[in-house]
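Could you put together the complete structure from these sequences and hints?
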Amino acid sequence: MSETTTNAGRLDAVAPAIELNGISKAFGPVQANKDISMTVAKGAIHGIVGENGAGKSTLMSILYGFYKADSGSIKIDGVPTTINDSHDAIAAGIGMVHQHFMLVDNFTVLENVVLGAEEGATLGPSLRKARKELKRLADEYELDVNPDALIEDISVGFQQRVEILKALYRQAEILILDEPTGVLTPDEADHLFRILRNLKEQGKTIVIITHKLREIMDVTDSVSVMRRGEMTKTIATSTTSPEDLAEAMVGRRVLLEVDKKPAEVGETVMQIKGLSVTDVHGVKRLKDVSFELKRGEILGIAGVAGNGQSELLEVISGIGAATSGEILMNGEAIDISPKANAGMRRERGISHVPEDRHQRGLVMPFMTWENTAFGYHNEPKYSGKFGLANQKYMKQDAREKMERFDVRPPIPQLVASHFSGGNQQKIVLAREIEHNPDVLLIGQPTRGVDIGAIEFIHQQIVNLRDAGKAILLVSVELDEIQALSDRILVMFDGVIQGERLPENTNEGELGLLMAGVDPEANS
Amino acid sequence: MMDFLSNDLLQLSDSAVRNAIPLLLACLAGLYSERAGIFDIGLEGKMLVAAFAAGAFSAIAGMPVADGGWDMGAWSVWIGLGAAIIASTMFSMIHAFASITLRGNQLISGVAINFFAAGITVLIGQYWFRMGGQTPQLREGQRFEPITLPFAESLKDVPVIGEIYHQLISGHNIIVYMGFVIVALTWWVLYRTRFGLRMRAVGENPGAVDTAGISVVKLRYSALIITGILCGLAGAYLSLGTAAAGFGKDMTAGRGFIALAALIFAKWKPISAMGATLLFGMLEAIGNKYQTVDLGFIVLPGQFMQALPYILTVVILAGFVGKAIPPKAGGEPYVKER
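The listed protein sequences correspond, in order, to chains A and B.
Here our numbering is used: position 155 in the first sequence is 380, and no number is missing along the way.
Here our numbering is used: position 148 in the second sequence is 135, and no number is missing along the way.
What the hints contain is simulated information worked out from the structure, not anything from laboratory work.
Because the structure is a prediction, the values reported are computed rather than measured.
Virtual Cβ for every residue (Gly too), placed ideally from N, Cα, C.
Some hints here could point you the wrong way.
Unchecked claim - Some residues of chain B that are not near chain A, with every Cβ distance over 12 Å (derived):
no. : residue
1   : 156
2   : 229
3   : 244
4   : 274
5   : 301
6   : 319
Claimed, not checked - Taking CB as the label site, the calculated pair distances span:
no. : chain 1 : residue 1 : chain 2 : residue 2 : range
7   : A       : 360       : B       : 311       : 20 to 26 Å
8   : A       : 568       : B       : 106       : 51 to 57 Å
9   : B       : 91        : A       : 482       : 51 to 57 Å
Stated by the list, open to error - Here are some of the chain B residues that sit facing chain A, going by a computed Cβ distance under 8 Å:
no. : residue
10  : 179
11  : 181
12  : 184
13  : 192
14  : 198
15  : 199
Okay, here's the thing in C-alpha cells:
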C-alpha cells in the first residue's frame, strides 16, 4: 500500500495542480454547479469567466472549502483530497483572495496575516515571525506593505496585497482570486498582474475569476468558460479571442463594441458651476466641480469608486445638497439646498438611474407595476377615481414598458427581487427613459448585469442620445466609459482631473488621471 | 479638610470599590460576549440567577442534615459560588444557542433571559424556602468574609499609606481581589493571546475568521462560556459577599444594565471598564452616604442622590459621552454569504 503511494507520488511530479471531477452543488432549487470537471496545470495562470450567477464563485468556494459540494471529487497535485472547510483547503496549500476582502479593519496588517496561522497560544512569537516573513515576501514578490498599518487606513490596492500575503504566509501553492480588479485602478491592476506573473515564475498556480475578457486575454495561459452552472469550454488563451469567449458565456454572438454613429451635439442643457460638497464628517467630497452638458451627447465620468462621482450624482439628482456652487438647467438655477428633493428634479426634466438599484432604484419586495410608477405616481395618468391610484392602468403601463425594454418575464405582478440584475436594471431604465427626460443621469448602468443585457442597455442609452437628450454617465468600468462616451471627464479626489475625447486618449492616460496624475503636467 | 480626606474620602472609596465589583465583573462578562460579536442585554438576568443559585445553594449546603441540608460547614460558600457559575453559564448557553446556532435576534434572546430569570428565581425560591422569594439569612461559612491582608493591623496608624492600605486595600472578600486580577487577565487574554486575537476578529469580521480556517461557532461559544462564568461571579458576590447575606427578590436592581452602560463608556476595553465601573461605584457610594445635599439655593433630595448611577447610565447610553464604536459584527448572526 505504502509502495503504491510513493510510486504515485513520484509520478505526480507532472500531475496537474488542481483536478476537479464531476462537481455539483445546489442551493435549494438552484443548481449552481452542474457536473463540473476542470484541470489546471501546475504553474499556470488559469482564468474562469462567466456571467453573474454562472457559478464561478461557487465553484471556487467549494475548492476553498467555504461550501461543500453535493457530489464530485477533488485532486490536488494528483492526490485525492477531501476539503470540508477552509482549514482543509489551507492545509492542502490553497489560498483565496475573496472579492470582498476578508480582513479585520481595525487590526494591523501583521495581525491580519497572523490570524488563524498563529504559532502558539500567546501572540508574541507569531508576530515576530510574521514580521520577518513579510519582509522576505515583500522583497521577493514586490508586495510591500507596512506591517503596522491598520487595514482601515490603507487603500484597497494595499488591502488586496495583504490578502495575497496572507495566502503566501500560509504557504499556499495555489492562489484563487475572485474578481481581483473590480476595485483597482488600471495602474494597480497592472501591478497586480506583475505580481501574479512573478508568483507563476516561482511555480505557484493561479486561478483568477473575472468577467473582464481583456484581463483574461492579457494574463492567463488557459481559460474556462462557465454558463448557467456548467463549464462550457476550456481552452488555451492563445487560441481564443474575446468574441469567442463572450459567445461561449452568453450562448450567442454578442456585440462587444457599441454600435453608434457620431454624436450630433446640440445646445447646452445643464451647467454645473463650482459645485462643492462637504459631508457630515467635514470631509470635502466634491471640490469646485464645473462642466457643461449638451443635448445629444453622452458625457462619461470615469474614476475609481469613491472619488466624488456618487456625491455629484446625488446633488444633481436632488438626493443630496451642495455646500456651494450652482446648477443651471436651460439657463435657470435649480435648488441645490437641503430643501430640494428628487421629485423636484423630475419636474425639471432630470431623471436618474441610481448607482445602487437595490437601495435607491427599486423597492425590492414591491411588485414591478408599483416600481415602474414610483417617483411619477402623482402624475394624473396614474390616478383613478376618488383620488385613488389607477391600478389597472399602472399594470398595463408596466407591461408595455417591460415589453419595450425586453424584461423577462414581462409580468407586472412579479416582485422586483424576483428578477436578475440585468432585468432589474431594465425596469429602472424603462421607468426613467419612458418619462422622456431632458437629462438622464446614469450611475453604474451595468453593475451586476450580464453581458447579454449589457448590450441591450448600452443600445438604449445610445438611442436616447440620438433622440437629442443629454446623458451623464458615471461608471467605474473604464471600458464602458470609453465605449459609450462622446466626451470623458476623469474624477479624482472630488476634482475633475482632466477632460479627454475618447478618440484622442487611451486607457493608459485615463488610468493615470484616475490615479490623480496629470500626464500632461510633466511634459 | 484633613478629616474629610482621611475619613470621608477613604470611606467613600472603600464603598465605591465594594459597589463597583459586581458591576466590574458583569461589565467584563459583557466585554467577552460583545467583543466576540454577540450583544448581551441579558447580563442582568444571568447575574440574578447566579445570585439566587449562590444564596440558595450556600444556604442548603450549610444547613444541618436534619433540616434537609448537607451540613457542609465552611465549604458551603464555595458550593454556592459553584452553583452560581453553573446557573449563569447555563443561561449564557441558552443565549448562545439562540443567537449563534439558531441565528436568532440577540436582543430578544437577552430580554427573554432577563424576564425568565426574574420569574424563575422568585418561583423556585418560594417553592424551596417559603420566604416570599428570599433565601435564608447566611451565616459564617456560608458567605465570603473580609480578608485582612498581612500587616494591615500594624500599619494602620502610618499616615496616608497605612490608612489607605488598611481601610481601602485590605479588608475585602476574595471576589473583590479576583475582580481586579480578572481585569489584568482579560487585558492579557485580549491583546496578547491567540484566543484574544481570534475573539476580537470574530466580533469585527467573522468572515475573516471563517476563511482563515477557524470555527466562528466554537469561538463564540467559548466567549459566551466566559461571559457565563463572570456573570456567575458577579451574582455570587451580591448574595454571598455583601451585607445582604442572602438572595432577595430582584436584588440585581438594574446592575446588569449599568454594567452594559459602563462597557459602552469604556469602549469595550478592560482597563477602561475598571475605571468606568469604579465611577459608577463612587456615585452609588455618594448617593448612599449623603442622603440629602444642601447646595444653598436648592436642596437635592435623597432620591436624586440615589438615582445618580442610573442618571449617568441614561446619559451614557444616549451617547453624550463621546462616540463609542461597537464591534462591527455585533448583533448580526453569522451566515455564509450566498
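Here is what the structure says about each hint:
Non-interface status of residue 156 (chain B) relative to chain A is upheld: no Cβ of that chain comes within 12 Å, the nearest being about 30 Å off. In this structure residue 229 (chain B) is separated from chain A by more than 12 Å, as the shortest Cβ-Cβ distance comes to about 36 Å. Separation of residue 244 (chain B) from chain A is adequate, the least Cβ-Cβ distance of about 27 Å exceeding the 12 Å criterion. Every Cβ of chain A is farther than 12 Å from the Cβ of residue 274 (chain B); the closest lies at roughly 37 Å, confirming the non-interface assignment.
Every CB of chain A is more than 12 Å from the CB of residue 301 (chain B) (nearest about 25 Å), matching its label as outside the interface. Every C-beta of chain A lies more than 12 Å from that of residue 319 (chain B), the closest at about 15 Å, which supports listing it as non-interface. Between residue 360 (chain A) and residue 311 (chain B) the Cβ separation comes to about 36 Å, which falls outside the hinted range of 20 to 26 Å. The supplied range of 51 to 57 Å is met by residue 568 (chain A) and residue 106 (chain B), whose beta-carbon atoms lie about 52 Å from each other.
For residue 91 (chain B) and residue 482 (chain A), the Cβ-Cβ distance of about 52 Å falls inside the hinted range of 51 to 57 Å, so the restraint holds. The closest approach between the C-beta of residue 179 (chain B) and any C-beta of chain A is roughly 6 Å, which is under the 8 Å cut-off, so the hint is satisfied. Hint status for residue 181 (chain B): holds, given a least beta-carbon distance of 4 Å to chain A, under 8 Å. Annotation: residue 184 (chain B) was flagged as interfacial toward chain A, and the flag holds, the nearest CB pair being 6 Å apart, inside 8 Å.
Among the interface hints, the one on residue 192 (chain B) holds; its C-beta lies about 5 Å from the nearest C-beta in chain A, closer than the 8 Å criterion. At a threshold of 8 Å, the smallest CB-CB gap from residue 198 (chain B) to chain A is about 4 Å, leaving the interface hint in force. Using the Cβ-Cβ criterion of 8 Å, the hint placing residue 199 (chain B) at the interface with chain A is satisfied: the shortest such distance is roughly 3 Å.
Checked against the numbered hints given earlier, this structure breaks only hint 7.
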